[in-house]
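**Q** In our numbering, the protein residues as written are 765 to 1198.
For the record, the hints were derived by calculation from the structure and aren't laboratory data. Please note: incorrect hints may appear among the correct ones.
[Said to hold, decoys possible] Below, computed lysine-lysine pairings styled on BS3-like, alpha-carbon distance capped at 27 angstroms:
#, residue 1, residue 2
1, Lys1060, Lys779
2, Lys983, Lys996
3, Lys983, Lys884
4, Lys779, Lys882
5, Lys983, Lys950
6, Lys950, Lys882
7, Lys1037, Lys779
8, Lys882, Lys1060
9, Lys950, Lys996
10, Lys1060, Lys884
11, Lys896, Lys950
12, Lys884, Lys996
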Amino acid sequence: MNTANLFTRNRATLKLIFVAALSLGMFIPLLMVHAIILDRQQMQMSAENTIAARWGGGQTIGGLVALTRSSVVLTDNRSMEKGKHWLANVLPDLDISVTMTTSQRYLGIYEEPVHTSKVKIEGRLDRRSLDKLQADGDLVFWLPLGDVRGVRRVSALTIGSLELPARPLSIGSDINTGLQFTLLEKDRSRLQDNYSLELEISGSQSMQFLPLADTTRVKLESDWPHPEFIGKFLPLDRQIEDAGVQASWQLLGLNRPYGDQWAILETPMEFLKTAAFGMRLDTPVDRFQRNERSVKYGFLFITLTFFTLFLFEVMTKCPLHPVPYILTGAALAVFYLVLLALSEYLSFGLAFFVAAGLLVLIVTPYTGVVLGARRRGYLAGLMMTVTYALLYVLVSSEHLSLLLGSLTLLAAIASLMYLTRNVDWYNYGQKDGI
């Protein structure tokens, strides 16, 4: 058998090797598109950080904490010195009610969900315990807040007939943040057990709470329909609807990883946040996640398209030159770049529809010409339409994408096996096309 005959009899094998090599080569443009997506994601994150810096970042709200000065003995190897130390003391009961209203803020073409929340804080303090902790002098109360920049309005702290104005935290402010309320010594006789406070804060990304009481109860209402409950504790009750979410928590002091009293100058707020819980403004499968998923499935769908062309070769006995494969592959790779660019200005669904429509409009007539019959081009276009409709389902699904992707691959392989079951691969391409 001479070389020409050997080449002819193994033409199908050589074409399959070429198709496989070209499919692997498509990793290069797909990786380039993926790098562009990562770069755009970084720009999105930068825009989100800028918006958070101007509007307010992730918020954390704690209950009212009493700051008392306690006498301690400081010792070293050679001397003993008596001094004062600030201690933070949790109070008996805490109720927090939050009504959150969300909106979108934009920086260029990038957007970030933000919220404005009306917060009502009520609780109970124990006068006798406070007198034991600090018998005389001013009493200082601390309201921990994650980002004071987001405070839009704050009422006075009401304790019975007393109204204490809010001030920036001055004690341990290098490691803690929040508001400070001072009860003067001359007013201590008017101190009652119940207190209340209202404030309006803005923030982004999340809203969390600190269980800084013996018993902490939190109720949250929001118009955000895609909550992600985060932190140390899940809500006891929750109701999620298209109109928003309602959730409630109830925690005891023993649920915290720290006690009822600590040295404020030695305990940063980041440590207190280890017991935080709350809700994040989740964005389900955003445009960059969907673009990234599309590229990850790109190799599969480009390979399926190449094997579809090869299947047309086999079924029509009309061999194709490698150039149509390369040009079709180039169009398929550019689809992902066009999809990314359009999705920054349009909704992902509309961007996908436009990009896929342009791809089908380009490939369909071209395939009809190279395959020698217009109807073959229409059939190839129909198959491509079905293929990319399936791709949209895969990238839009939050939980079923892996299952659907693996089943799609299995179905595609089974279809190829079925359609080529009677092909004489050794005589492939030796007859004229029909």
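**Q** Hints numbered earlier in the text: which of these fail when held up against the supplied structure?
**A** Hints 4, 5, 6, 7, 8, 9 and 10 are the ones this structure does not satisfy, whereas the remaining hints hold.
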